[in-house]
Amino acid sequence: MAPVTEIWRGTWVVAYREILRFLGDRSRMLSSLAMPILFLVIFGAGFTKAMGPLARGVNFIQFMYPGIIAMTVLTSSLFAGISVVWDREFGFLKEILVAPIGRTGIVFGKIAGGMLVALAQVLMMLVLAPFLGVRLTPAILLALVPLVVILSIGLCALGIMVASFMQSQQGFQLLIQVLIFPLIFLAGVFFPINNVPTWLEIFSKLNPLTYGVDAIRQVFLGSGLGLGVTVFSHTMSITDEVLMVGVLDAILLGGAVLAFNREL
Amino acid sequence: MASIIEVSGLVRTFGKIEAVSDVSFAVEQGEVFGFLGPNGAGKTTTINVLCTLLRPTSGSASVNGYDVLRQRSDVRRSIGLVFQQTTIDDYLSAEQNLRFHGYAYGIPKAVREQRIQDLLQMVELWDRRKGNVRAFSGGMKRRLEIARGLLHHPRVLFLDEPTLGLDPQTRRHIWDYLRDLRQREGLTIFLTTHYMDEAENCDRIAVIDRGRIVAQDTPDALKDAVGGDLVTFAADDNAGAAEEVRERYHIEPTLQNGQVRFHVKSGETFLPEFVRTFPQRLNSVGLRRPTLDDVFLSLTGREIRDSELDEKELLLQGMAGRWRR
Numbered sequence: 004m005a006p007v008t009e010i011w012r013g014t015w016v017v018a019y020r021e022i023l024r025f026l027g028d029r030s031r032m033l034s035s036l037a038m039p040i041l042f043l044v045i046f047g048a049g050f051t052k053a054m055g056p057l058a059r060g061v062n063f064i065q066f067m068y069p070g071i072i073a074m075t076v077l078t079s080s081l082f083a084g085i086s087v088v089w090d091r092e093f094g095f096l097k098e099i100l101v102a103p104i105g106r107t108g109i110v111f112g113k114i115a116g117g118m119l120v121a122l123a124q125v126l127m128m129l130v131l132a133p134f135l136g137v138r139l140t141p142a143i144l145l146a147l148v149p150l151v152v153i154l155s156i157g158l159c160a161l162g163i164m165v166a167s168f169m170q171s172q173q174g175f176q177l178l179i180q181v182l183i184f185p186l187i188f189l190a191g192v193f194f195p196i197n198n199v200p201t202w203l204e205i206f207s208k209l210n211p212l213t214y215g216v217d218a219i220r221q222v223f224l225g226s227g228l229g230l231g232v233t234v235f236s237h238t239m240s241i242t243d244e245v246l247m248v249g250v251l252d253a254i255l256l257g258g259a260v261l262a263f264n265r266e267l
Numbered sequence: 048m049a050s051i052i053e054v055s056g057l058v059r060t061f062g063k064i065e066a067v068s069d070v071s072f073a074v075e076q077g078e079v080f081g082f083l084g085p086n087g088a089g090k091t092t093t094i095n096v097l098c099t100l101l102r103p104t105s106g107s108a109s110v111n112g113y114d115v116l117r118q119r120s121d122v123r124r125s126i127g128l129v130f131q132q133t134t135i136d137d138y139l140s141a142e143q144n145l146r147f148h149g150y151a152y153g154i155p156k157a158v159r160e161q162r163i164q165d166l167l168q169m170v171e172l173w174d175r176r177k178g179n180v181r182a183f184s185g186g187m188k189r190r191l192e193i194a195r196g197l198l199h200h201p202r203v204l205f206l207d208e209p210t211l212g213l214d215p216q217t218r219r220h221i222w223d224y225l226r227d228l229r230q231r232e233g234l235t236i237f238l239t240t241h242y243m244d245e246a247e248n249c250d251r252i253a254v255i256d257r258g259r260i261v262a263q264d265t266p267d268a269l270k271d272a273v274g275g276d277l278v279t280f281a282a283d284d285n286a287g288a289a290e291e292v293r294e295r296y297h298i299e300p301t302l303q304n305g306q307v308r309f310h311v312k313s314g315e316t317f318l319p320e321f322v323r324t325f326p327q328r329l330n331s332v333g334l335r336r337p338t339l340d341d342v343f344l345s346l347t348g349r350e351i352r353d354s355e356l357d358e359k360e361l362l363l364q365g366m367a368g369r370w371r372r
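Keeping their order, the protein sequence lines are chains R and D.
When you read off a place in the first sequence, starting at 1, and then add 3, the result is the number in my numbering.
When you read off a place in the second sequence, starting at 1, and then add 47, the result is the number in my numbering.
Extracted from the complex, chain R is given alone in its bound form:
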């Protein structure tokens, strides 16, 4: 195990480069926002009238918006792992691997970088809020940021874990796509999961992202609208959900560090 100073230096050096690259690559910045915006605009326009309010004072687009924020975090974070595959393919990974920073520091750096990128994208998405009739206050923003951070850390770790086993970018992208769609569709991004068939409800409640989506939704819309996720007839509070995500983060972080450490 590398000493703490080396892990720390590795974390910030690697994260620093991730951010430099993100800022230098505008096409990536914009294209990763295209999907969530497309969903918002098309689904929003298509369903808002047809579905009517989902709860008192909450129409479909207001309901969906926090879900789309969570979806942005998910896509952005999972794809953070691609930089590992990319670095492997283009050789730069070796430069990092032979530096005196230790594998754990590299993993933490990639995660920190991916998390900051996800956060930046969420903040960009927030610009849309006023146009969609979504209420955005400093208090909401203050609660949202740490939620996005803890949700992103676990997902980045998952992406890096997958990337540790992949040799090509195509392979990685394919696998992540296969992972992303069920996670999003089963997370209650587009519909409340309390009034769906039992089989769907079971899958949704097994999906950890569900609780991330619900926590973000509670931050935006408040609790007690009757839309919250219930587990064994206990309605999950933000605290419950944060705890859950936190435990999951710890597991996925450990997994990512182990996976990345397989070779020296």
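Please keep in mind that the hints were generated in silico from the structure rather than gathered at the bench.
Treat the hints with care, as some may be off.
So these bits of chain R aren't anywhere near chain D, every CB distance computed over 12 Å [to be verified]:
(1) Thr8
(2) Val16
(3) Phe25
(4) Val44
(5) Gly55
(6) Gly60
(7) Phe93
(8) Phe95
(9) Leu96
(10) Gly112
(11) Met127
(12) His237
(13) Asp243
Taking CB as the label site, the calculated pair distances span [to be verified]:
(14) Ala49(D) to Ala123(R): 48 to 58 Å
(15) Ser120(D) to Met32(R): 51 to 61 Å
(16) Phe134(R) to Asn179(D): 36 to 46 Å
(17) Asn179(D) to Ala123(R): 17 to 27 Å
(18) Trp15(R) to Asn179(D): 39 to 49 Å
(19) Gly112(D) to Pro149(R): 45 to 55 Å
(20) Met127(R) to Gly56(D): 51 to 61 Å
(21) Leu261(R) to Ser120(D): 18 to 28 Å
(22) Lys52(R) to Asn179(D): 13 to 23 Å
Some but not every residue of chain D turned toward chain R, in silico, with C-beta under 10 Å [claimed, not checked]:
(23) Arg124
(24) Phe130
(25) Thr133
(26) His148
Predicted, not measured: the structure shown is a model, and the values here were computed from it.
Glycine residues also receive a C-beta, built at the ideal position from the N, C-alpha and C atoms.
With chain R held as given, fit chain D onto it using these hints.
For chain D alone, coordinates are given in the frame of chain R:
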């Protein structure tokens, strides 16, 4: 004083293939030490073990007195690396690449910025420091990598096929830097190559073939060991002519590419006498100093290019093995 690189009984296997089998050698401080052998002979594997990228299957290795398994961070601080494949980040500028390296090795700011300037000037890239690396030629990228490998004042610089795929002019240019560096910083240089002329730049060479070191000495001593100058000739009946040589001079000639070849001491005086008295009609006669090619040939019975074909097959087999795993 202990050697700066010490390797003893090193073995590394990939599945069933033994890439490096029982390799031992030592490199002294300030030496330019070359690993010469065909592709797939185990050169890169050895480098990867020495720079802590691969765990040895058995045996031990130390660099700058640090064990490559137990003192990885110390080893990493002691070495600079230029890999076969480029490891420059194309999305960063030349300067940003070096600065990243400086951060990663924890070099204090004052030292870092001065060193970046010195090294970029040395490899003549200072004017291009803000330039996007994507627009750099292969030679420029290689020079940038050499500068980067030296940024943290390493004791040993590892170069894995440093001039692979570069034109002769650029190759010569890079060697000028390396010689200069060695003079100024007392750097130890460990390089692998399958270019014979490049190996001539080394103080000592280890010839490696199929994972084993088959000879280890200075280039001149290796060439002398071949048995003096190389005489080649072609006659109408090469086999008969070879027999003739065997009887007259008690030398064992070889037949290759339609030529008879044999080695003699002081070829300049031997050749006139040979041509005058040889009974058969000679179609061509040649004489040259032995090259490292000849060294490789006499050590392994194959030319380095021929063995590369073998290695390609070996590699394909290895890949097939990986798929099955």
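TODO: Provide an ascending list of the numbers of those earlier hints which the structure does not satisfy.
DONE: Those not satisfied are hints 1, 2, 3, 7, 8, 9, 10, 15, 18 and 22.
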